[in-house]
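Asks: Residue numbers (the numbering used here), protein chains in the order written: chain A, 359 to 656; chain B, 405 to 964; chain C, -10 to 170.
Note that these hints are calculated values from the structure, not bench results. All C-beta atoms, glycine included, are put in the ideal place defined by N, C-alpha and C. A hint or two may mislead.
Each pair of labels, with its calculated beta carbon distance range [stated by the list, open to error]:
1) B/846 / C/101: 43 to 49 angstroms
2) A/618 / B/846: 32 to 38 angstroms
3) B/560 / C/101: 25 to 31 angstroms
4) B/584 / A/618: 25 to 31 angstroms
5) C/162 / B/846: 32 to 38 angstroms
6) A/618 / B/819: 50 to 56 angstroms
7) B/587 / A/647: 43 to 49 angstroms
8) C/122 / B/432: 49 to 55 angstroms
Here are the computed lysine-lysine pairs in the DSS-like style, where the Cα-Cα straight-line distance is at most 27 angstroms [claimed, not checked]:
9) C/33 / B/755
10) A/475 / B/658
11) B/658 / C/33
12) C/33 / B/769
13) A/384 / A/410
14) B/749 / C/-3
15) C/121 / C/167
16) A/384 / C/-3
Sample of chain B residues facing chain A (criterion: CB under 7 angstroms; computed from the structure) [said to hold, decoys possible]:
17) 444
18) 769
19) 770
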Amino acid sequence: MDILCIAVNIVAFLALAPLFEGVIRKITARVQSRQGPPITQPYYDILKLLGKQNLSAGNFAFRVAPMLALASILSVIAFMPLGFQPNYLTRYADVITIIYLLTMGGVACLLGALSSKNTYALMGSSREMITMIMVEPVLAMTFILGAVKEKSLGIDMAVFGTASGFGWSSLIMLAAYLMALQAFVGRQPFDIAEAEVEILEGPFIEYSGPNYALFRYYLMLKQMFYAALFVMVFIPFVKTGVYGADVLIQLALVSVVFVVIALIGSTNPRLRIDQAQKYYAVLIVISLVAVGLSVYGI
Amino acid sequence: MLTIEAVKNQLKNKFGDAIKNFDDQLSTRLYVDIDRAGVRGMSNEVIGLGGRYLVSVGYDNIARDGTLGLIHTFSFDRDEMFVCLRTTAPVQDPVFDSITPDIPNAGWSEREYMDLLGMRFTGHPKPKRLILSDDWPEGVYPLRKEVPWNLMPPPAENVAYQLDECPEGCTVIPVGPFHPTLHEPAHFAVFVDGETIKGCDYRGFMVHRGIEKLCQTQVTYNEVPFIAERICGICGSVHATSYAQCVELAAGLKISRRAEFIRTIMLEIERMHSHLLWLGVAGHLIGFDTVFMQAWRVREAIMWFGEKLTGNRKTYGMIVVGGVRRDITPELADELRGVLTNIEKELMTIKNAIIGDTAIHRRTKGVGCITKEETMLWSLVGPVARARGVDIDARRDHPYAAYDEVKFDVPVLDSCDVWATVVVRILETFESIRIIRQALDKMPAGPIMAEFSEDVPPLRHAISAVEAPRGEVVHYLITGEENRPERWRVRAPTYPNLQGVPLMLLGNQFADLPIIIGSIDPCFSCTDRVIKVDMRSGEAVSVTGGELEKLSRAKLYAGR
Amino acid sequence: MWVTSKIKQVLLVLKPGVVTLRYPFEPHPVPKNFRGQPVWDHHKCIGCGGCAAHCPARTILIRDLCQDLRVMMYDGSRCTYCGRCADVCPEKAITMSEQYELATNDKNDITLSMELFMLTCQRCGRCYDMEKTNMIDKMGLKGFRYDNLEMRAVIHKATEHFDGNMIEESDRYRRPLKTGE
């Protein structure tokens, strides 16, 4: 049963991440008064990219970076307790591992960017670094909040613990996470590093073909992971007890979160990195406040 | 209020012996023939009297008297006057004093004639190639009459433009020649320190098409408006109108009042269209694609109306020398009023939606600041200048077409940044709607084409300025024989504005580069003046995609 | 302030909805007076050459093969659809059609070539009468013309009588590579 949960996790995420990306694109298009691509377009994009020539900058780091990124996000997904059911692997890791693995994904992006030796990739990777350094603390605080409440660093404890006894600290943390959600998924107003096609081509400028497909898949999975984390941590109210129904309900809530991401993304311009830094600093302070409150049991 | 007489007397008193002749047949144009030694002094004197530098025109007079001519043009905005200083130098010794140290904006004009006519300017701070590509052979000056218009010299290898040196501690980021920010090829070598811009060098004119040479050698007076219209995709009618006005001034032709009103309406329709387009582009450059899509959706209504009126969505082809080609029937006028009402409503909605949006404020306020004095020193024009407190507008200062009969305001702000240019352009669009409504009501009946019963007399000079959406367009024309211009100089508004861009970029973050360059609404095609519309042989002159790929691969394999 | 702006922005798009046109699956008609590809009516054409004299793109070419035959070729690859040819034609033989879907990879699809029998015509240009109203719309070159049709090049010379040498010379047209050629 537990091993089946791992398979369900991975299959659900792999299959649905492009679909949710398609939902974002469709909603963005509707906000822009146009028809938009079909919802299954990201699947076609990935398939098309896999069929292209794999141009490489030549060094080992360049070739291995996308695989590293995808591997890290898949490992994180394998650990998550989707459907309120901790699976076989959950007890073999704790929240620190999750944070490390997520950071490793980001570092793999940087590795790929820096190994391509392109000026634009350099600028994009510096922005990505700043974003990572300032936004990962919010994620860490989310887990630590649960860990403090349940007095344990286990993944299932931390994830379910944040919302147990839904008090002020959980509410403040929810607000902080929502405000940082756009930065986590890399959409306007915080798509400063990745999708900046106008100002810089971003850290993926030298990637094409299957390598780029892997990076795109990594980004889609990361997006879905953060949305799913939000649902798992902060919305524990709908719990039927049946595993299959819980998974489906959580996926439905994830799609609602995606709609919110799309709406905010399409109605905001992109911020500059120095403006975003100030914003993240405020978020870190808020999440620290939340953790502090939870220590006192509020 | 300075009059022409006052200017003449002032110049005569100070430079009596350098002046050869005054020509002021028209009450708004003064042409002064001077000796080349007095160029710099007199230019400074004209600026001191309140003039604003426009453009310099060089021309080849070798066949007639063995000289190269140079004309510096100035505008007196408060006094409705143009003053042109004409001078010549023998072709064996084509050396002039450069006026760039005092008037920075003349830098490009003088570099242009160094490339195209072989003149030399002593004291020019940056005598590098501007227009011609770096592998163009030395000694071949395209604007001289001896050079055929379809000359194709063999290309040279391994020749590149020497950009400025990068200052200490900075890296060079190449923005261009192909970059998603720019809509046309141009190269900005930006020197950054971390994320702050410390300097910039510009190499452009990659889409220089050679229109002036073409129109001086191959086409006739009434074909030039169609080529002029294609100098720029968006401000086509402006160039056609300005050229037609030059020819009409030179020939002494008066066109019918109805044609003038129709020209006014076309120009204002173009202004609305261009500003809506720019609003979308500005939104896109700051990453706000929704503003982009919505502004362009509103613009679509204008294009459909343009199609009904003129036969084409853009490049209207309405304006020829002597009037306009098509009439606005009463049904079309009613439809235009309906379109205007809709656009006004939609634009109001968009304006209310973005005027209070602090996210957009954060990207555009305080960005690209230069002071009013610097703007006036560099002779910037258009909404860029009006956003910095400089109150110039060719429609009000040098009235042409029907602008003397319509009432409109010129929005001028003084917060000196990109946000002010956004607001200025939105307000100008509302003003355009007002102008079109007044023009439709006041338009008299009458013919739309004037008739020419005789040839246009040769060797007459004329200068005309028209307010394009991006600023002031100046055309200088010398009529010629064989039913075509002898010399035609186009100065698009992006020409002076691009010279001010390095100043605007200093000290800003690199992420602001696109919106700063975008805020001048660059139209590099206007600046570079067109690709040859020529009768090419079956071989492609511009490199096709396949040839480019072959070239790139050949270089790659050669390097291995 | 910011929140109200955002709400206004979302409401802004609810009214127009989706404006995508399903072109090319649904045809999009053009208004009348649209300037599409010009169409010559060879019954009306008198071969005066006025259209060629006033085409800004020099995409209408004239070649007199002998005293009797004049070939007029419209090479649509450079046409800008300005409609000047239709304006100046004294016989109104040219109409601007509504055709705008002209993309093709074969130049001959958009090329129109007419061979006109002009036995006794001296190509003096008298039949082109637009000069009466507008002197600057006069024909620049009057006489026999020898444009190079293969390379789509206009040779800017006309002769009063038909000249066989000019035909041969125009066959050898090449772009100059040096000043003075």
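Asks: Do the beta carbons of residue 846 of chain B and residue 101 of chain C sit within 43 to 49 angstroms of each other?
Replies: Because 44 angstroms falls inside the window, the suggested range holds.
Asks: Can you confirm whether the C-alpha distance between residue 121 of chain C and residue 167 of chain C stays at or below 27 angstroms?
Replies: violated, 41 angstroms
Asks: With 50 to 56 angstroms as the target window, see if residue 618 of chain A and residue 819 of chain B comply at their CB atoms.
Replies: Since the Cβ atoms of residue 618 of chain A and residue 819 of chain B sit about 35 angstroms apart, the hinted range of 50 to 56 angstroms is violated.
Asks: Given the hinted pair residue 384 of chain A and residue -3 of chain C, is their alpha-carbon gap at most 27 angstroms?
Replies: holds, 20 angstroms
Asks: Does residue 33 of chain C lie within 27 angstroms of residue 658 of chain B when you go C-alpha to C-alpha?
Replies: violated, 35 angstroms
Asks: Within a Cα-Cα threshold of 27 angstroms, do residue 33 of chain C and residue 755 of chain B meet the stated pairing?
Replies: With a Cα-Cα distance of about 55 angstroms, the restraint between residue 33 of chain C and residue 755 of chain B is violated, given a limit of 27 angstroms.
Asks: Using the C-beta atoms of residue 162 of chain C and residue 846 of chain B, is the stated range 32 to 38 angstroms upheld?
Replies: violated, 53 angstroms
Asks: Regarding the pair residue 749 of chain B and residue -3 of chain C, is the alpha-carbon distance no greater than 27 angstroms?
Replies: Judged against 27 angstroms, a Cα distance of about 14 angstroms means the pair holds.
Asks: In this structure, is the beta-carbon distance linking residue 587 of chain B and residue 647 of chain A contained in 43 to 49 angstroms?
Replies: holds, 47 angstroms
Asks: Would you say the C-beta atoms of residue 560 of chain B and residue 101 of chain C sit inside 25 to 31 angstroms of each other?
Replies: violated, 41 angstroms
Asks: Mind checking the alpha carbons of residue 33 of chain C and residue 769 of chain B for me, to see if they're no more than 27 angstroms apart?
Replies: violated, 64 angstroms
Asks: Can the hint on residue 770 of chain B be confirmed by a CB-to-CB distance to chain A that is less than 7 angstroms?
Replies: Violated, about 11 angstroms.
When each numbered hint is compared with the structure, violations occur for hints 2, 3, 5, 6, 8, 9, 10, 11, 12, 15, 17, 18, 19.
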